[in-house]
Each structure stands twice: as structure tokens, then as C-alpha cells.
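Undergrad: Sequence lines, in order, name chains A and B.
Sequential numbering from 772 applies to the first sequence in our numbering.
Sequential numbering from 686 applies to the second sequence in our numbering.
FYI, nobody ran anything at the bench for these hints, they're computed from the structure.
A couple of the hints might just be wrong.
[Claimed, not checked] Derived pair list, reagent style SDA-like, types lysine to any residue, alpha-carbon separation capped at 20 angstroms:
1) Lys808/A with Leu700/B
2) Lys808/A with Val688/B
3) Lys808/A with Trp692/B
4) Lys944/B with Asn909/B
5) Lys808/A with Phe690/B
6) Lys808/A with Lys944/B
Keep in mind that this is a model prediction, so the values were computed, not measured.
Each chain, written out:
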Amino acid sequence: MAYLAAFHWGWLAGGLLLGLGMGWISVVHRGRPLSPKMLGAVAAVVAIAVAVAAARLLPGRFGYWCDLGLALFAAYLIGCTVGTVLRQWVVARHAAARSPAR
Amino acid sequence: MRVFFRWASKWWPGLLPLALLWCLAAWNGTVPLENDLAARATASLKEAVLAQTQLTVAGRDVTLAADAFSEDGRKDALARVAGVAGVRLVNDETRLVPEAKPFVWTAERDVAHVVLGGNAPLPADKARLLEAARAVVAGVEVVDQMGLARGAPAKFDAVALLLVNQIPRLKDGKIVLTDTAVKLTGMARELGGREAIAAALKDVPEGFAVDNAIKAPPYIFQANKDPVAVTVTFTGYVPDSAVHTALVAAATRKFFDEKVVDQLKASVGAPAGFAGAATVAIGALSRLSTGSLVIADREVKLSGDALYTVAADQIRASLSGDLPQGWKAVADISVRPAATPVDASVCQQLFAGLFTQGKIRFDTASATIDRDSLGLLDRLVETASRCPSTAIEIAGHTDATGDDGANQALSEKRAQAVVDYLIRAGLPAERLTAVGYGSSHPVASNDNEDGRAQNRRIEFVVKE
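For reference, chain A alone in the conformation it holds in the complex (with noise of 0.2 angstroms):
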């Protein structure tokens, strides 16, 4: 994975950069949030995946494509996670500026 992250840090740091935009986004964004249907079936897909990956089931390039993918959707997560902590926090403070006002 190591090997992975330094060959691949560009693309890495593009996914963490979408991940944050996204985070950032998704706490003022009015869209429909996804069911928790939807979501335990993505979870299980990426639980099955990193199976997939752990065990080495996959062959050759398909292997690696399926290991680049889940680095990229880690970094991804990570991205979205600390994007959506920051504007929860800036978002926070700007309310927290306003009520003394009234």
C-alpha cells in the first residue's frame, strides 16, 4: 500500500481533493441523502471488495485496478470526512457569531 500511495500520490491527492470539495459541499448541499438501504449495500460492496483485495482473489491487472480503487475511495472517505468536519466547524462558529447579535 505504501508502494501504492508514493507511485500514485497525485491521483490520491486528486480523490482526497474531491472527497474534501465534496464533505465541504454535502453539509450545506439540499439533495436527497442516500437510504440507508442504498448505503448498507455500498458499504457491503466495499466490505467485499477489501475481501476481495485482502485475500488476492483477483488476478493480475484486475488485482491491482480493484487495489488502486480502494485507495482511491480511502482517500475519497478521508477527504469527505475532514471536508465535512471543517464546514461543520466554520458553519458552527458563523452561527455561534450570529446569535449573540440578535
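With the hints as your guide, set chain B onto chain A.
TA: Just chain B, lined up with the frame of chain A:
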């Protein structure tokens, strides 16, 4: 956790660009990643002992196909590739090279090639042997037909290298190493080569057995009598300086009017009885007007022209009868056409000319003609045949040492011995008269050895 899932439920729109990013990363990154892994995996195998190594990389999986020379070597190679950072899986397609039983290595030499064959235990050994062979036979093509196999005896390296070093000493032949048995066959390049190989092979490590069946090259001794240049040239080998000196001295006596050109070299390996056989053969050659002599091992080949028929018969008989036991003679002797007749005075001049170049020698105080004088006698016979209508007086003279009566008798006997020889050679007896003068007709002083030697003589006097 619940908070996280609530957040995460809103992150799905980013998955589409993420998928796009994934595709782009896979599209751009796969081949460079594979190349990078292949380069580093190849570098990791630099010190592994393998043959026919093939590395193929798919994604992060490396397939290693190679011939290994031991189980440990095979495992080591796989571990080296698996240890390369970034490699996910190593597909093992390595195999052990077959074990050769018996383990055979060969080196074969002919005029233009050296062929190394059989098996070597490791690629490095193979390269080392090839390099050593190229170094020792510079200028000769070295062909590599060696394979690789397990099962070489211990110290194979040292023995094979020692054997390669013997290749320059071979003219042609084959060296075969079968497990711990070394067998050499063929012909040594030079006299003494066989002995040099035997000496070198004493150094083979313990446990190896050597069967040295290398033959020595023929022991050649040659002489060529050239009547135009008036030389007799000796080439080839003699066993030692004593035989060398003796043969050259004999040649100088026998070839009374030719210059002896000595190009002989001393070398070991002469067949038994060489000196005796060479002396007989040189004597036979001295009686030919032109001819060549080749002694190869125990075979004497003499070819050329005798001066007259009886001489040809005598030379053939001498060659077959006088050679030491076990020697073989091949005589190809023809008779030179008779020379044109001359008148009596020319005949006398020719006799005088021959006697200024050589003299008929006898054993000390005896009337037995020394065999060294047969060449001169043949020339005298030939000359006498050129003036068939003349009578010839064969005059014997002695020095003044000793009793006059004895000298007289000795001179008569010696003159008669020469006459007998001439008659046996085919000259009519009625043309020849033997006369002994004792010491009464000296041509030099009898006070010193040189003068006495000149006085002991046979003369031919042509009578009209």
C-alpha cells in the same frame, strides 16, 4: 458512527467523478507501474544463480520463469522477487535444471575448432571455461555446445579448468570428464606434449582418475640430398646432443663432397634403436645421387636414384637387413640413367677430382673397407663405367710406419679389396689390376700424422 453514516449518505454524488479518476489513474498508471516493478525485480535477481530467466509483470503480480540449479537457489530467487516493494504476488514458474547422471563434460579439438560440450554445473562455470579456452587457443574458433545440469562432481571447476589448459598441447583429440573419470584421447601437438599433459594432470584433485591415452606425434627425422646445391640437409629430431654429434659426424664422413646442413633439434620421444637406424639410413642415402630420407617413428622411407643397378640392390638389402629389430624400411630406389662415355684422360681427371674430395677408408691395419666410403666407391664405379675401353690400375699405398713387408702386404690387400668391390659392382675383372706399393710412393712427409694420413691412400690410374 450514526453521525458519520448521516454525513456519508450525502457523499454519493462525488463517486461518479471518483470513478472517472479511477479509470484515468488505471489508464495512465498501469504500464509505468509494471515497467517499474519489472526493472526492480530484474535488478533484485542480479545475484541469483539462474538461467533462462523470464520475468513478466501483470499489474503488481510478477511471474518468474527460470532454470535454477538448486532448491535453495530457486527459493532464494522467489524470495528476492517477493521482497521487491510493490510486488503483490509472485507466480512461481521456476524449475530445477535436470540432473545429469553420469555428469559428462567434453572438450574436443581438431585443426580449426575447439568444441566444448557436455554439461557445466553453473552458467558462471560455463562462461569461465569458455573464456579460458578462448585465451589458451588464441586464433582458433571455440564453439560452445555446453548445456547446464546438476550433479557435477565436487571440484569440477578446478579439474575442467586444468583440462582446458591442456587443449593447446593437443593437435587433435578429445577430453572427456565423466563424473570423476578423466579420459584423454588424440594426438599431442609436439613431441613431449604427451609427457607435459601427463605431468600437468598429476595436479588433479584427489578422487579423480586420469586415463591419458594421448599419442605422441611421429618422431620425424629427415634428410634430403640435393645434387644441384651439393648439399645434404638434415631436419627433424634427434634424442640428445650425443646422438646429434655422432650423426652429423657420420654424415660428414659419408657425404664426402656435399655440404652438410644441420637443422636438427633435440627432443624426447625417439623410438628405441633410433641412432643405429639413422646411421644405416644415412649410409644408404649417401650412396644415392639424389634422394630423400624420412624416418617417422620406426619406419624408414628412402627414395631416390642409385648410380647403378648393383648399388640399388645393395642399398635395398642393407636397408632391410641392417636396421634394428622392429624397424621397417620402405625403399623406392630407381637407377639413374648411365652418364655419357668419356675418353681415358677425362676419366683420369674425374678420378683425381673424386680423390681430392674424399678418400677410401679402411678399418685400422686391415683391408676391410670402411662403410663410410661406400658413397665414394659408388661414384668411382660410375666414373669407371664411363670409360669402358680403358684398363685401370688400383694402386694401394701406406705410410712409412711399421714394417715394410707388412705395409707392402697391406697395400696389396687394400688395393685388392677395392678391386673386389668394383668387380662385385659389375665392372669386368679384366679391366682392373690391383697393385700394392707399400710406403714407396709417399705424397707427403711421413714425419707427422697429417702427412702419414695423406700417404695412406688408394689411387686409380687409367691405362690406355
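Undergrad: Against this structure, judge whether each hint is valid.
TA: Do the hints match the structure? See the list:
1. Lys808/A with Leu700/B: 17 angstroms, holds
2. Lys808/A with Val688/B: 16 angstroms, holds
3. Lys808/A with Trp692/B: Distance of about 15 angstroms is within 20 angstroms: holds.
4. Lys944/B with Asn909/B: 12 angstroms, holds
5. Lys808/A with Phe690/B: This hinted pair holds, its Cα atoms lying about 12 angstroms apart.
6. Lys808/A with Lys944/B: Violated, because 123 angstroms separates the two Cα atoms, which is more than 20 angstroms.
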